[in-house]
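Novice: Single-letter residue listing:
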Amino acid sequence: MDADKIIFAGPVGSGKTTAISCLSDIPIVSTDVDATDETKERKQTTTVAMDYGFFTLEDGSYIHLYGTPGQDRFDFMWEILSEGGLGLILLIDAVRPDPVADMEFYLDRFASFVEKTGAVIGITRTDLGNPQAYENLQDRLMERGQIIPMMELDARDGDQVRLLVQTLLAILQAEV
Amino acid sequence: MDLVSEIINKVGSASHDEGREDRRAECMQILRELLNDSDDIMAAMITTADGHPWAEVLPHGFDAKRFAAMSSALIALSSTLAREAQKGKTMNVLIEGMEGNIYVMHAGSMVLTIFTKIKPNLGLTLAHARRVADQIVLRARQAADAVGHTA
Numbered sequence: 330m331d332a333d334k335i336i337f338a339g340p341v342g343s344g345k346t347t348a349i350s351c352l353s354d355i356p357i358v359s360t361d362v363d364a365t366d367e368t369k370e371r372k373q374t375t376t377v378a379m380d381y382g383f384f385t386l387e388d389g390s391y392i393h394l395y396g397t398p399g400q401d402r403f404d405f406m407w408e409i410l411s412e413g414g415l416g417l418i419l420l421i422d423a424v425r426p427d428p429v430a431d432m433e434f435y436l437d438r439f440a441s442f443v444e445k446t447g448a449v450i451g452i453t454r455t456d457l458g459n460p461q462a463y464e465n466l467q468d469r470l471m472e473r474g475q476i477i478p479m480m481e482l483d484a485r486d487g488d489q490v491r492l493l494v495q496t497l498l499a500i501l502q503a504e505v
Numbered sequence: 003m004d005l006v007s008e009i010i011n012k013v014g015s016a017s018h019d020e021g022r023e024d025r026r027a028e029c030m031q032i033l034r035e036l037l038n039d040s041d042d043i044m045a046a047m048i049t050t051a052d053g054h055p056w057a058e059v060l061p062h063g064f065d066a067k068r069f070a071a072m073s074s075a076l077i078a079l080s081s082t083l084a085r086e087a088q089k090g091k092t093m094n095v096l097i098e099g100m101e102g103n104i105y106v107m108h109a110g111s112m113v114l115t116i117f118t119k120i121k122p123n124l125g126l127t128l129a130h131a132r133r134v135a136d137q138i139v140l141r142a143r144q145a146a147d148a149v150g151h152t153a
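Heads up: the sequence lines are chains Y and H, in that order. If you number the first sequence the way this note's numbering does, the last residue is 505 and the count never jumps. If you number the second sequence the way this note's numbering does, the last residue is 153 and the count never jumps.
Fair warning: there could be bad hints in the mix.
Stated by the list, open to error - Only pairs whose alpha carbons sit at most 20 angstroms apart, straight line, appear in this in silico DMTMM-like list of lysine to aspartate or glutamate:
no.	chain 1	residue 1	chain 2	residue 2
1	H	Lys-91	Y	Asp-361
2	H	Lys-67	Y	Asp-401
3	H	Lys-67	Y	Asp-366
As the list claims (entries may be wrong) - Some but not every residue of chain Y turned toward chain H, in silico, with C-beta under 10 angstroms:
no.	residue
4	Val-358
5	Ser-359
6	Val-362
7	Lys-369
8	Thr-375
9	Val-377
10	Ala-378
11	Pro-398
12	Arg-402
13	Phe-403
14	Phe-405
Quick caveat, the hints were computed from the structure, so don't treat them as lab data. For each residue, glycine too, the CB sits at the ideal point set by N, CA and C.
Next comes chain Y alone, as it looks inside the complex (with noise of 0.2 angstroms):
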């Protein structure tokens, strides 16, 4: 396959850059700068470019992964990012004031990306709250028609993100 690249997206804080940090290889190449909005409640630091890195699959081949920054203002980066991409994991924190439109929101924004290619949703930070996130998420999916595989995880644990990579890897070999 030529395009084999994989697109990180969400919410601010919502762990994109934990989760291809645990997940890539190498270091990542990260564009990081203070925060100076209400973002620095949450964290010092914020991504306005991009991250990058990659991982080797066990047929030798390799999956880019980009993390797109959150705020909307940068939008103009998930276009150039999603260039080429194979898929989206949306990453939603749990604990913000309303996941479920967080979701919508960016499934809306990257809704024609996600209808050429395929997507999963991890939800992140349930340890802090918010039990009922997955149901939550599960049942405003299925109001909008969308079947997209979802799951629970901490993306700071470099298996279970593997996993969300995988399943996205599956859907799409499914689709093929």
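With chain Y's structure known, arrange chain H on it following the hints.
Specialist: Below, chain H alone, put in the same frame as chain Y:
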């Protein structure tokens, strides 16, 4: 976090709204002077490193919010490339377009973006821009000292 962001954060708190606006007005003035001093520079903006507009002198049709985000993404990625290629700290990013150039540079923790006319004098416009970037850092330092005195 460096001095410039620190001072913007300090003056950004509710009780310092006036100081924040003064600082912004001062930056606007610096940019207007830059445009007066250089025939080649047609627009300029100062943004935070994380992509928010701070002060700008832009023609109609230039979207400050969008250009702020693009400037911060561009210089962040360029700095990462320069660092990983062991080229040291990034001074400027130069975009040479057929209809004019764009220079993006750090000004402390802020980012200065300059838009030139077609075929500018490269050295002179860069020197003007660098002087303004230094001025912004200096003013921020002075404002930090002032806040320090009143605190």
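Novice: Would you pick out the hints that fail for this structure and give their numbers low to high?
Specialist: No hint contradicted; all consistent.
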